[in-house]
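Taken in order, these protein sequences are the chains called A and B. Our numbering puts the first sequence at residues 1 to 297. Our numbering puts the second sequence at residues 298 to 594.
What the hints contain is simulated information worked out from the structure, not anything from laboratory work. Be a bit skeptical, because a hint or two may be false.
[Stated by the list, open to error] If you want the ones that stay clear, here's a sample from chain B, every Cβ over 12 Å from chain A, calculated:
1. 331
2. 333
3. 352
[Said to hold, decoys possible] SDA-like mimics (lysine to any residue), calculated; alpha carbons at most 25 Å apart, straight line:
4. B:507 x A:133
5. B:493 x A:54
6. B:335 x B:535
7. A:4 x A:54
8. B:493 x A:256
9. B:493 x A:265
[Said to hold, decoys possible] Reference listing, derived: stretches of chain A covered by chain B, where coverage requires no fewer than 3 residues with Cβ under 8 Å from a Cβ of chain B:
10. 25-32
11. 243-257
12. 290-296
C-beta: ideal position from N, C-alpha, C; glycine also.
Chain residues, written in single-letter form:
2 protein chains.
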Amino acid sequence: MGFKRIGWIGTGVMGNSMCKHILNQGFEVSVYNRTKKKAEELVNLGARWCENPLEVSRNSDCLFAIVGYPADVEEVFLGERGVLSGAKPGSILVDMTTSEPSLAKAIYEQAKKKSIASLDAPVSGGDVGAREGRLAIMVGGDRETYEQVLPFFEYMGGNIAYMGGPGAGQHTKMCNQIHIASTMIGVVEALLYAHKAGLDMEEMIAVVGKGAASSWSINNYGPRIARGNFDPGFFIKHFVKDMGIALKEAERMRLSLPGLAMAHQFYVAAMAIGLENNGTHGLYKLFERINNPDIKT
Amino acid sequence: MGFKRIGWIGTGVMGNSMCKHILNQGFEVSVYNRTKKKAEELVNLGARWCENPLEVSRNSDCLFAIVGYPADVEEVFLGERGVLSGAKPGSILVDMTTSEPSLAKAIYEQAKKKSIASLDAPVSGGDVGAREGRLAIMVGGDRETYEQVLPFFEYMGGNIAYMGGPGAGQHTKMCNQIHIASTMIGVVEALLYAHKAGLDMEEMIAVVGKGAASSWSINNYGPRIARGNFDPGFFIKHFVKDMGIALKEAERMRLSLPGLAMAHQFYVAAMAIGLENNGTHGLYKLFERINNPDIKT
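Same shape as in the complex, but just chain A (with noise of 0.2 Å):
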């Protein structure tokens, strides 16, 4: 593949893990990231540390970015000490934040004019998935570029997609996202419902949960929610980020997505009450909530 010199960005939960497989494989990797505690662990294992972006990118061939929100990617990569004052010309970049399509397709844009290459390849698996490196990567990009990046896709995950132009990994992403939020208010209404009519939740879940409503959600958030156990998966937080994301991209495309659009103020209204920690099943706790007849208005 012949790059040798990987730059990384963003070593949070996701970042710290993805990172360490491609260090792993004996990688000059550097490293940035805002709060530069959270890099420590790779410092210690080899990775090079810089004070911004732009000097990632300076010893970077090929340079990934895992980041918080979009405003977090322009600034990385559009911004003043950001990737592209950096990068060389030849070089790959690739952000594998959830982030806006269009401002993957802006990215590409800018770097093209530069004769730099960039991919936008956001994951889904959560914690445990970045781990054991089994995300699931969906990329968008030139197809020429997926195949030079494969190989660290690989290190990071188990199911990896091209998906087209620049833009649709992140549109895949959104996919995703908009097929789990309107799943999720399924999830939630069942188990509430099968609460107020006396059924024992895990003994709905283990029938519900193996014919044709089946869902990964139900399966895997259900008994969680069953036993009161609302840590984190996936934060609420980043969850109201993309589908704030999703709606807006469905906006500008002309679509109508009532059902996500639904799920969303439900979501927003959940941070409301302070669950934006609570992983995405904390959903229930509002629900439960609204049917709550000793809490008095």
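Dock chain B against the given chain A, drawing on the hints supplied.
Quick look at chain B alone, frame taken from chain A:
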């Protein structure tokens, strides 16, 4: 188990296949259906035709019904020429229709006064599951009765669960329908977004359907939508009935289910544009129409 004489009421697509499994075991079966013609195959296989539910019940130690709507269930069990007018003390009545939990309780109570046992045992798995004897069966009533009938359920299904007292089978089926209702919204919105964004729908399903956003519905109905095949698995008109029952029971329990209510309304709109005999994934056509700029208002 002691039962020799079996009654069967309702020989539609589901009932016909289910009754055949019992006939195949060599039981003496009495059969009735509102449309006599649809019972012909079973009569040719050795079932005895009866003129009404009452006559079936006079000839049965254990009687099964699977009909259309709660009103049909009421007529079959509680009507003038209904099952409860003819059934003998010690016999067992099993309603396998998806119907109202409160009606299941009423039948149970009235049967009990005559020393007749009854179960509610709705199914999931569609025509294919019925034909192949792989239905999910969710059972409410007395456990002793359940255990007496279990061998018969095992001729028809693979995923059989005793859920609790009378109505608990219906309540579980409602959980199944509540969960799938919002999931279907997620499926059609994800596919429509994919289409508008220029993604290949089947490639999107291949990656989304393997991960933490997967559902039986996207993996099974998604590719049919992508290929424009809207043949029923499960009819929209029957799904609308089921959602109506769930909403009514939820209201009775003072439980608000906004996701279900929205899905129900969209399926009512699908009926309004003539999709009642489409499969539940026909909802895609309604959402496509809402967003189609070529239809002038």
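Here's how the hints hold up against the structure:
1. Residue 331 (chain B), annotated as away from the interface, keeps every beta carbon of chain A farther than 12 Å; the closest lies near 27 Å.
2. The non-interface label for residue 333 (chain B) is consistent with chain A: the shortest C-beta to C-beta separation is roughly 31 Å, beyond 12 Å.
3. Distance to chain A confirms residue 352 (chain B) as a non-interface residue, since its nearest Cβ pair spans about 34 Å, more than 12 Å.
4. For the hint pairing residue 507 (chain B) with residue 133 (chain A), the CA-to-CA distance comes to about 15 Å; that is within 25 Å, so the pair holds.
5. At roughly 36 Å between alpha-carbon atoms, residue 493 (chain B) and residue 54 (chain A) are farther apart than 25 Å, so this suggested pair is violated.
6. Restraint check: the Cα-Cα separation between residue 335 (chain B) and residue 535 (chain B) comes to about 19 Å, which is no more than 25 Å; the hinted pair holds.
7. For the hint linking residue 4 (chain A) to residue 54 (chain A), the alpha-carbon distance of about 18 Å falls within 25 Å, and the restraint holds.
8. Under the criterion of a C-alpha separation no larger than 25 Å, the hint pairing residue 493 (chain B) with residue 256 (chain A) is consistent with the structure, at around 11 Å.
9. The hinted pair formed by residue 493 (chain B) and residue 265 (chain A) meets the criterion: a straight-line CA distance of about 23 Å does not exceed 25 Å.
10. With 0 residues having a beta carbon nearer than 8 Å to a beta carbon of chain B, the region 25-32 of chain A misses the requirement of three or more and the stated coverage is violated.
11. Note: the region 243-257 of chain A has 8 residues with beta-carbon separation from chain B under 8 Å; the three-residue rule is met and the coverage holds.
12. Counting residues of the region 290-296 of chain A whose C-beta sits closer than 8 Å to any C-beta of chain B gives 3, which meets the bar of three, so the coverage hint holds.
Violated hints, listed in ascending order, are 5, 10; each of the other numbered hints is respected by the structure.
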